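Just need the whole structure built from these sequences, with the hints factored in.
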Amino acid sequence: MIGAGALTGLAILPVRALATPALFDEALQELTKGAPINQGRVTLTVPAIAENGQSVFTTVAVASPMTESDHVRAIHILSPRNPIALITSFHLGPRAGRARVSTNIRLAGSQTVTALAEMSDGTFWQDSKDVVVTVAACIDGS
Amino acid sequence: MARAPVRISMPSEAKKGEIIDIKAILRHPMETGYRVDRVGKKIPRNIVTELVVTYDGVEVLRWHLQPGVAANPFIGFSTVATNTGELVFTWTDDAGTVISESRTLTVT
Chain F
1 MIGAGALTGL AILPVRALAT PALFDEALQE LTKGAPINQG RVTLTVPAIA
51 ENGQSVFTTV AVASPMTESD HVRAIHILSP RNPIALITSF HLGPRAGRAR
101 VSTNIRLAGS QTVTALAEMS DGTFWQDSKD VVVTVAACID GS
Chain V
143 MARAPVRISM PSEAKKGEII DIKAILRHPM ETGYRVDRVG KKIPRNIVTE
193 LVVTYDGVEV LRWHLQPGVA ANPFIGFSTV ATNTGELVFT WTDDAGTVIS
243 ESRTLTVT
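Protein chains in written order, with the working numbering: chain F, 1 to 142; chain V, 143 to 250.
Hints in this document: simulated from the structure, not taken from any laboratory.
Remember, it's a predicted structure, so these values are computed and weren't measured experimentally.
Hints should not be assumed to be uniformly reliable.
Derived Cβ-Cβ restraints for the label pairs, each shown as a range [unchecked claim]:
1) F/F57 x V/V240: 25 to 35 Å
2) V/R177 x F/T20: 18 to 28 Å
3) F/K33 x V/G159: 27 to 37 Å
4) V/V230 x F/V135: 31 to 41 Å
5) V/R180 x F/P65: 45 to 55 Å
6) F/V132 x V/T232: 16 to 26 Å
Cβ atoms here follow ideal geometry from the backbone N, Cα and C, with glycine treated the same way.
Right, here's the structure in full:
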């Protein structure tokens with residue numbers, strides 16, 4: 001009986017499958033192609049407490065002169081708990097003038113959000129912030 | 143034709159070399175594909191997958207979206223005022239809908 005219960009539980013899992021830390025690492029690996037990720041240069045700004053996981057205002061700023069020879073190529077936002085680890089990617093360049101982007105993201109529960117910046121010299125930099133989500137973005141059909 | 147469901151906020155004039163802030167919102171449900179309707183049928187995914195911004199014909203921003211971006215996708219970004227020209231914003235969604243809006247920036 002216990003076995004049957006466990007199986008039923010498993011059968012339900014795929015419906016509300018969440019990204020796991022393993023999938024998050026996989027997404028990071030895909031972006032960096034195994035290059036080391038440095039801490040610093042990136043500032044991720046998210047609310048410490050988000051009342052509504054359906055729309056969480058998020059800003060990523062990167063310290064960069066944004067010149068032809070030294071600029072940010074891309075900014076990625078990742079989640080270890082959403083159904084898809086990669087939330088969004090911004091591709092920019094020296095024409096941006098300033099490496100700062102903002103958007104509203106969905107969060108399927110409290111988690112540590114990561115912002116990853118890819119520089120023109122091929123290096124990667126990141127920042128992570130904890131967000132407590134009061135009402136999560138729906139992912140299970142509710 | 144109905145007005146495009148777009149709101150773009152940016153200055154219409156700037157000095158050469160000035161960095162201008164741009165905000166843009168597209169009205170779109172960003173349907174994730176995870177939700178079901180009242181009779182339990184899966185609502186198909188339809189998200190905006192991309193926004194491309196060109197300035198006087200040169201791409202200055204390419205935004206790739208996933209279901210993790212909230213409905214009515216909002217973006218705030220910046221660009222350097224180089225010369226008088228048009229900024230063209232082009233959104234594409236899963237259904238193949240392409241929405242384009244342009245704004246002129248006069249550079250002095």
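Now for the hints, and whether the structure bears them out:
1. For the pair F/F57 and V/V240, the supplied restraint of 25 to 35 Å holds, since their beta-carbon distance comes to about 27 Å.
2. At about 22 Å, the beta-carbon gap between V/R177 and F/T20 stays in the expected band of 18 to 28 Å.
3. A beta carbon spacing of about 35 Å between F/K33 and V/G159 agrees with the range 27 to 37 Å that was offered as a hint.
4. One distance hint, 31 to 41 Å for the beta-carbon pair V/V230 and F/V135, holds here, with the actual separation near 37 Å.
5. V/R180 and F/P65 have their C-beta atoms about 54 Å apart, which keeps the hinted 45 to 55 Å range intact.
6. A hinted range of 16 to 26 Å for the beta carbons of F/V132 and V/T232 is inconsistent with their spacing of about 36 Å.
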